[in-house]
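Visitor: Chains V and H supply the protein sequences, listed in that same order. Residue numbers for the first sequence follow this note's numbering, beginning at 1 and rising by one. Residue numbers for the second sequence follow this note's numbering, beginning at 1 and rising by one.
Hints were generated in silico from the structure; no laboratory data involved. Just so it is clear, the structure is predicted and the values come from calculations on it, not from any experiment. Among the hints, erroneous ones may be present.
Within a straight-line C-alpha distance of at most 20 angstroms, the following computed PhoX-like cross-link-like pairs (lysine-lysine) qualify [stated by the list, open to error]: (1) H:LYS77 <-> H:LYS49; (2) V:LYS20 <-> V:LYS64; (3) H:LYS58 <-> H:LYS22; (4) V:LYS66 <-> V:LYS14; (5) V:LYS55 <-> H:LYS102; (6) V:LYS41 <-> H:LYS22; (7) V:LYS64 <-> H:LYS102.
Listed below, chain by chain, are the residues.
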Amino acid sequence: GAVVSQHPSRVICKSGTSVKIECRSLDFQATTMFWYRQFPKQSLMLMATSNEGSKATYEQGVEKDKFLINHASLTLSTLTVTSAHPEDSSFYICSARIRDRDSYEQYFGPGTRLTVT
Amino acid sequence: AQSVAQPEDQVNVAEGNPLTVKCTYSVSGNPYLFWYVQYPNRGLQFLLKYITGDNLVKGSYGFEAEFNKSQTSFHLKKPSALVSDSALYFCAVILIKAAGNKLTFGGGTRVLVKP
Numbered sequence: 001g002a003v004v005s006q007h008p009s010r011v012i013c014k015s016g017t018s019v020k021i022e023c024r025s026l027d028f029q030a031t032t033m034f035w036y037r038q039f040p041k042q043s044l045m046l047m048a049t050s051n052e053g054s055k056a057t058y059e060q061g062v063e064k065d066k067f068l069i070n071h072a073s074l075t076l077s078t079l080t081v082t083s084a085h086p087e088d089s090s091f092y093i094c095s096a097r098i099r100d101r102d103s104y105e106q107y108f109g110p111g112t113r114l115t116v117t
Numbered sequence: 001a002q003s004v005a006q007p008e009d010q011v012n013v014a015e016g017n018p019l020t021v022k023c024t025y026s027v028s029g030n031p032y033l034f035w036y037v038q039y040p041n042r043g044l045q046f047l048l049k050y051i052t053g054d055n056l057v058k059g060s061y062g063f064e065a066e067f068n069k070s071q072t073s074f075h076l077k078k079p080s081a082l083v084s085d086s087a088l089y090f091c092a093v094i095l096i097k098a099a100g101n102k103l104t105f106g107g108g109t110r111v112l113v114k115p
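This is chain V alone, in the form it adopts within the complex (with noise of 0.2 angstroms):
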């Protein structure tokens, strides 16, 4: 239980176009989901915090109109990268809290590999 999808795996998009990455948890209800920058060999950075039908919490010195995230529902959260750059190209992870569950428990997705050329 508790499986997170993340979709696509990997994405190259051309500089100034827009990509969109989904994360769904399969078999369980998230009321919060969290969105990770990773670059290499680095440790993982929170973007933003998405709670259920509200607006994201965005963490200092990310740009909310840069990566718009979107939780539509208590199973799927995006992460729209605006006008893409090659400084955007990351690993970006997901992870999701469980409805009704101890507020820390986090389960994460396996990642979308972004590059942007």
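Fit chain H to the known structure of chain V by using the hints.
Guide: Just chain H now, with coordinates in the frame of chain V:
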């Protein structure tokens, strides 16, 4: 503010030998502590957590960790390492009811187990 430190960027160990990955934390209250493992190009997999109770916590794949409040440490251990344990390990902390219960990760320690 809460923080986690993993003082070693990489740990090398021979297969069959004990493995230790160090983690120290800094929080102003009672921490919830976690270890995760990441294989190449994959997300994080949960290994174990400390909430309350016994200081020695047993987790997945034969790993265990000991919570030491006086030393503010939560080192990950495995008595006999396997080549398949080679991966990136992250320690993380949550200070409950602060900062939205967000996980704060350490910098990660790469473990290389040689045959």
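Visitor: Hint compliance check: list the failing hint numbers for this structure, sorted ascending.
Guide: none
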